[in-house]
Amino acid sequence: MDEHKLDGNAAAGVLAEIFTFEITTARSTCASCGATGEVGAQMAYVSEIGTVVRCAVCDNPLIRVVRQDDGPQRYWLDLKGIEYLQLQERL
Amino acid sequence: MADAPRKLTWRIGEVVETSPDTLRTKRLFLDVPGWVGHRAGQHVDVRLTAEDGYQAQRSYSIASAPENGRVELLIERLEDGEVSPYLTDEIRAGDGLELRGPIGGWFAWEAREGGPLFLVAGGSGIAPLMAMIRHRQAAGNDTPVRLLFSSRSYEDIIFREELERLAAEDETLQIAHTLTRSTPPGWEGYARRIDEEMLGEVAFSADERPLTFVCGPTPLVETVATALVGLGHEPARVKTERFGPTGG
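From first to last, the protein sequence lines are chains A and B.
Each residue of the first sequence is one higher than the one before, counting from 1 in the numbering used here.
Each residue of the second sequence is one higher than the one before, counting from 1001 in the numbering used here.
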């Protein structure tokens, strides 16, 4: 599979289709190792199939998102790698 | 004022001007109806649709300052790319281009955030950093900035004339170049890939707590980020944006 390792910022587009808050500056806590940081500072793996954001510390998958493009747009979103996600309005 | 939550939507921008920069790069200037404004460092997604419906999508950093009403994209031509050859060779003023954005608030800088600001670019990774330099200048901000810019050769230095002009008229903007493949006669800059020694010479010291933005090919970004942390910089103040192994 042709998969690109990029910064969490690379997941911003597809996640902005889902979240109205800016996701790359949201803070996530990894459910595996407890590391807390901005989503943009994690690692993103982007392929034709979907996007996986992994913890920059322990590589645990934090966010998995797959988009189905044929027919009405449909998303599968797996957030179980995140203990919690703190979203904040930008002032 | 806070940003109202908004849904990201595809728009048709109009190419109002194209301009060659180096032999391998081209600048596209777009008017985008309904553009909400951006912050320096953000990117757009560009989508091309073939007659048979096949779509190819790529991300491009915005090179223009937010103060400039037009959106400028810097396109590097990749020989086997699906998108970039169209954008460098085919598209003309008056053509429409489907895009959405701005995207990605993490790799962004506003003058009010201060600095000092340390910018490290490899090749076309200069684009989002150029937006920061232009924004700082347009905002009349005097945050000290140092740019370390790696290019293949002198002719490959993107935005070279504008960078020279900006640095000549602003002593708080310092630019160091390194050339990795060939150097012109009398070259006084660096002539190797960026390494820890070079960063130690060019970067602000860790105790000045600079905000650092690094954009370029993955090996450059990883070398720089690792070396800066080794020099004592806080990882959370070193923001990185890698190109993929293929851009497009």
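Be aware that a few hints might be false.
Said to hold, decoys possible - In silico lysine-lysine, DSSO-like type, Cα no more than 30 Å apart, as pairs:
no.	chain 1	residue 1	chain 2	residue 2
1	B	Lys1026	A	Lys5
2	B	Lys1026	A	Lys80
3	A	Lys80	A	Lys5
4	B	Lys1007	A	Lys80
Said to hold, decoys possible - If you want the ones that stay clear, here's a sample from chain B, every Cβ over 12 Å from chain A, calculated:
no.	residue
5	His1043
6	Asp1045
7	Gly1094
8	Tyr1154
9	Asp1207
10	Glu1222
Said to hold, decoys possible - Simulated coverage check for chain B against chain A, where a stretch passes if three residues somewhere in it have a Cβ under 8 Å from a Cβ of chain A:
no.	segment
11	1072-1078
12	1133-1146
To be clear, the hints were calculated from the coordinates, so they are not data collected in a lab.
From the three backbone atoms N, C-alpha and C, an ideal C-beta is built for every residue, glycine too.
Going down the list of hints, with the structure as the test:
1. With a CA separation close to 26 Å, the supplied pair Lys1026(B) and Lys5(A) stays within the 30 Å bound.
2. The hinted pair formed by Lys1026(B) and Lys80(A) fails the criterion: a straight-line CA distance of about 43 Å is larger than 30 Å.
3. Restraint check for Lys80(A) and Lys5(A): satisfied, since their Cα atoms lie roughly 21 Å apart, inside the 30 Å limit.
4. Among the hinted pairs, Lys1007(B) with Lys80(A) is consistent with the structure: their alpha-carbon atoms are about 24 Å apart, no more than 30 Å.
5. Not every beta carbon of chain A lies more than 12 Å from that of His1043(B), the smallest distance being close to 8 Å; the non-interface claim is violated.
6. The Cβ of Asp1045(B) sits about 5 Å from the closest Cβ of chain A, inside the 12 Å cut-off, so the non-interface label is violated.
7. At the 12 Å boundary, the C-beta of Gly1094(B) stays outside the reach of chain A, the nearest C-beta of that chain being 27 Å off.
8. Separation of Tyr1154(B) from chain A is adequate, the least Cβ-Cβ distance of about 29 Å exceeding the 12 Å criterion.
9. No Cβ of chain A approaches the Cβ of Asp1207(B) within 12 Å, the least distance being about 22 Å, so the stated non-interface status holds.
10. The beta carbon of Glu1222(B) is not kept farther than 12 Å from every beta carbon of chain A, the shortest such distance being approximately 10 Å.
11. Coverage of the segment 1072-1078 of chain B by chain A is violated in this model, with 0 residues showing a Cβ closer than 8 Å to a Cβ of that chain against a need of three.
12. Residue count for the segment 1133-1146 of chain B with a Cβ under 8 Å from a Cβ of chain A: 0. That is fewer than the three needed, and the coverage hint is violated.
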